[in-house]
Amino acid sequence: MSSCSSDKSQSSSACNTPLTPAQQQAAAVGAEQDWAAAKAFYDNLVSTKRPRPPKPQNATTVAVSSRALFDMVKDRKIYEEEGVETYVKYQEENENVPLKPGPAFYFVKALEQVNARLRELYPNDEELFDIVLMTNNHAQVGVRLINSINHYGLSIERFCMTGGESPIGYLTAYLTNLYLSADSEKVQEAIEAGIASATMFTANKDIPYCDKQLRVAFDGDAVLFSDESEQIVKEHGLDRFFEHEQMNENKPLAQGPLKGFLEDLGKLQKKFYAKDERLDCPIRTYLVTARSAASSGARVLKTLRSWGLEIDEALFLAGAPKGPILVKIRPHIFFDDQMFHIEGAQQLGTIAAHVPYGIGQKYNKSKPKDDTVKK
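For the sequence shown, position 86 (counting from the first letter as 1) is numbered 86 according to full-length UniProt numbering, and the numbering increases by one without interruption.
These are calculated hints, taken from the structure and not from any lab test. Backbone N, C-alpha and C fix where the C-beta goes; we use that ideal spot for every residue, glycine too. Some hints here could point you the wrong way.
Quick list of the computed label-pair ranges, beta carbon to beta carbon [to be verified]:
| no. | residue 1 | residue 2 | range |
| --- | --- | --- | --- |
| 1 | 278 | 119 | 32 to 40 Å |
| 2 | 243 | 98 | 49 to 57 Å |
| 3 | 349 | 188 | 23 to 31 Å |
| 4 | 273 | 138 | 43 to 51 Å |
| 5 | 73 | 166 | 19 to 27 Å |
| 6 | 162 | 273 | 35 to 43 Å |
| 7 | 164 | 319 | 43 to 51 Å |
| 8 | 151 | 251 | 47 to 55 Å |
| 9 | 138 | 100 | 14 to 22 Å |
Based on the provided sequences and hints, a complete structural model is requested.
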């Protein structure tokens, strides 16, 4: 074994050694001192118009990949066909050319609009959204990403650029509440690590989005809730499913991967309600489910109640297509675990995010065309 390999092995072993309580306390104190220094830096920039980033422990952190935030299909093609050196050179030569918006762009803009409203009502509060750019791009590409972010007036101060390595290991360190990427493999890796994640897909047509209200639509089973009921449908059919749901109506469903994000949204909504802003709340949530209301809807609503969560609108479609309903809602993002619902949403202009969780993944045989581009 070479000395380099030996050093790497020893380093890896050292990294896996648990910290003692004293070391953990020292690390916590150091992190607090670092944050205090960063806060002082921003506070001293009197002339800046940029809002100070919230403290990560208090924020709802949304990590987005560069290809989710921006349209980088052409860029990715250069990388795949001509290699990393040509790709980096292309980015450097075009660093003053803003990238076009990607599938997560308007969702991020809506998050920042909510932040602006929260800062008006709670000037010193740090319970805000914090956007992190989480990408495996090389640092040399960072200048174009920064210039593009500044071009659109986005408030994204925290970056993680891993130079070709997977950024998934950093999600926990960045206290990520939601991870959005254009790479289905990385999203699957994040889901398996217990992090709320979804693969972003661009809509096939443009529709106008509300610029004063964040609208988030969720599927129910295998998204907000576990896939236990979906397993009954897939393995035993609808009749057995209806019977099962009625028998278990008063038993809350287990939580799914996006339950925590709905909880985060609800927490921020309550801050507006506390200021008598319920009718003008800039966050609105939707449940868009294929369930039937009369035969299987009660368990869903009782589960949300047992969690202490509200949903602004609940739409039970009894198996009807979701696309036309989503056109009416015009959400900034729609989360679903079934690819045929993702495709239906795409075709009618909705930005859809696939959550690769639960038994339904065994039946997801088709993928939208833009999923062939990996990052």
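Each hint tested on the structure:
Between residue 278 and residue 119 the beta carbon distance is about 19 Å. The supplied range of 32 to 40 Å is therefore violated. Between residue 243 and residue 98 the beta carbons are some 56 Å apart, a value that agrees with the proposed interval 49 to 57 Å. The supplied range of 23 to 31 Å is met by residue 349 and residue 188, whose beta-carbon atoms lie about 26 Å from each other. At roughly 45 Å, the beta carbons of residue 273 and residue 138 sit within the given window of 43 to 51 Å.
In this structure the supplied range 19 to 27 Å holds for residue 73 paired with residue 166, their Cβ-Cβ distance being about 21 Å. Range check, residue 162 to residue 273: Cβ separation about 40 Å, and the 35 to 43 Å hint holds. One distance hint, 43 to 51 Å for the beta-carbon pair residue 164 and residue 319, holds here, with the actual separation near 44 Å. Between residue 151 and residue 251 the beta carbons are some 51 Å apart, a value that agrees with the proposed interval 47 to 55 Å.
Evaluation of the 14 to 22 Å hint for residue 138 and residue 100 yields a pass: the beta carbon distance comes to about 21 Å.
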